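Each chain is listed here by its residues.
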Amino acid sequence: MMGPEIESLVAQVARLPGLGPRSARRIVLRLLSEREGRLLPLMGALAAAAQRVVVCSVCGGLDSVDPCSVCGDPAREPMICIVESVADQWALERASVYRGRYHVLGGLLSAIGGRGPEDLGVGRLLARLDGSVREVILALPATVDGQSTAHYLTERLAPFGVRITRLAQGVPVGGSIEILDEGTLAMAMSARRLAE
Amino acid sequence: MEWSDPAIILSLAPYGEGDQRAIVLTEANGAWHGLARGGASRRGAPVWQEGNLIAARWVARLPEQLGTLTGELVHPAAALAMNDAMALAVLRAACAVAAGALPERAAHPAAFLGLARLMAGIGIAGAALPALVRFEVELLRELGYGLDFTACAVSGVREDLAYVSPRTGRAVSRAAAGVWAERLLRLPGFLVGDDAADLPACRDGLALTGHFLARDAFGARHAPLPSARVALYDLVTRRINGETHAG
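Protein chains in written order, with the UniProt record's numbering: chain A, 1 to 196; chain B, 1 to 247.
Next comes chain A alone, as it looks inside the complex (with noise of 0.2 Å):
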């Protein structure tokens, strides 16, 4: 019934995450009932999306200016927050909590993903630490694989003398514990600290 260009259109928006072939068919009318109003707004801004939107080469970050913004801000405080993905570094950028640096690892060690530590790019974060950085910030996920990648860079990253914090992991915001699993609620409890 669909055109191959339609077809096309609808197979490529079926790919992207959280996406279906069934939603991607009512993005796609969309798109081509309101052709001025979303359509073409969308091709200019993925285009000049692909166009300008680079790696940043210190952080491995995304941005339009290479070192990106957050690398090239002389504000930043002297820290390093490392993160397993870009969508991480922009959930802390909004949460607003934390004003330093980050560096992107791009994934975490895997057996099965087959990443051992040569593909996390340790030598970029190390070639970092030249003295000026005050504290290193590991915000990797409450898993195996995370935390198995936190005590791997912990191990990299003592000779250099540099502190090295972890994120703390227990009862969220709004969490009540009647509901938390038996792995929070272990975790909480031996991170609990002295009441002031």
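Derived from the structure by calculation, the hints contain no laboratory data. One or more hints might be untrue.
Here are the in silico distance ranges between beta carbons for each label pair [to be verified]:
{"hint": "1", "chain 1": "A", "residue 1": "LEU39", "chain 2": "B", "residue 2": "ARG42", "range": "32 to 42 Å"}
{"hint": "2", "chain 1": "A", "residue 1": "ARG99", "chain 2": "B", "residue 2": "MET1", "range": "53 to 63 Å"}
{"hint": "3", "chain 1": "A", "residue 1": "LEU126", "chain 2": "B", "residue 2": "ALA175", "range": "48 to 58 Å"}
Calculated Cβ distances over 12 Å to all of chain B for the following chain A residues [stated by the list, open to error]:
{"hint": "4", "residue": "SER8"}
{"hint": "5", "residue": "VAL10"}
{"hint": "6", "residue": "GLU36"}
{"hint": "7", "residue": "ALA47"}
{"hint": "8", "residue": "VAL65"}
{"hint": "9", "residue": "TRP90"}
{"hint": "10", "residue": "LEU92"}
{"hint": "11", "residue": "SER96"}
{"hint": "12", "residue": "GLU196"}
Given the structure is predicted, the values throughout are model-derived calculations rather than measurements. The beta carbon of each residue, even a glycine, is placed where N, CA and C say it ideally should be.
Since the structure of chain A is provided, determine the placement of chain B on it from the hints.
For chain B alone, coordinates are given in the frame of chain A:
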């Protein structure tokens, strides 16, 4: 087709956006593959971590299908190990060795019980590493490559067993080893007696079981020892040499 059983999660691979392809180990059904729907989701991720003991249920229309796994957390071994580099390395090595060495859908109750014991004590400092060595000895026995530490293969004596033949897997006493000692594998005292399971003894134990796992259990499948197991040995060696901080 369906079964419900306590199971230990051995391996997880992402499947799609929120699902995981899992291998679990049960007492009655052995190593079993299945799809854990939502295993990588915010709700499922705390349960679907390697090493966790879960109350698992597997359902499929036909027995030969991959089927769907669901689970409820019973013992959060992964969370208990996460803050300790050594415990986490032991957990990953044990799961990787079991996932790679055990045949699919063949019951190995002793392997399950050994791994369950290991995971139960994963958070106890100093206990996990010797427990892993004991588990690997048990696993080799379960797979038909049992090591024999009952008596010296040369003299027949039962005392002062200090080495193991890398060819036969039988113990050799210190006196019988003589000039051949350097060619033999060291037998750590905690495997045959009440000796302390310190780091050097555990390293000897890992070298011993690693040799036979690589040659027999994995060698028979033309596969190398899992990278997690190799990384554990390297970590123990670095700790002995004082190259890393404790933690």
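**Asked** Failing hints, ascending?
**Response** none
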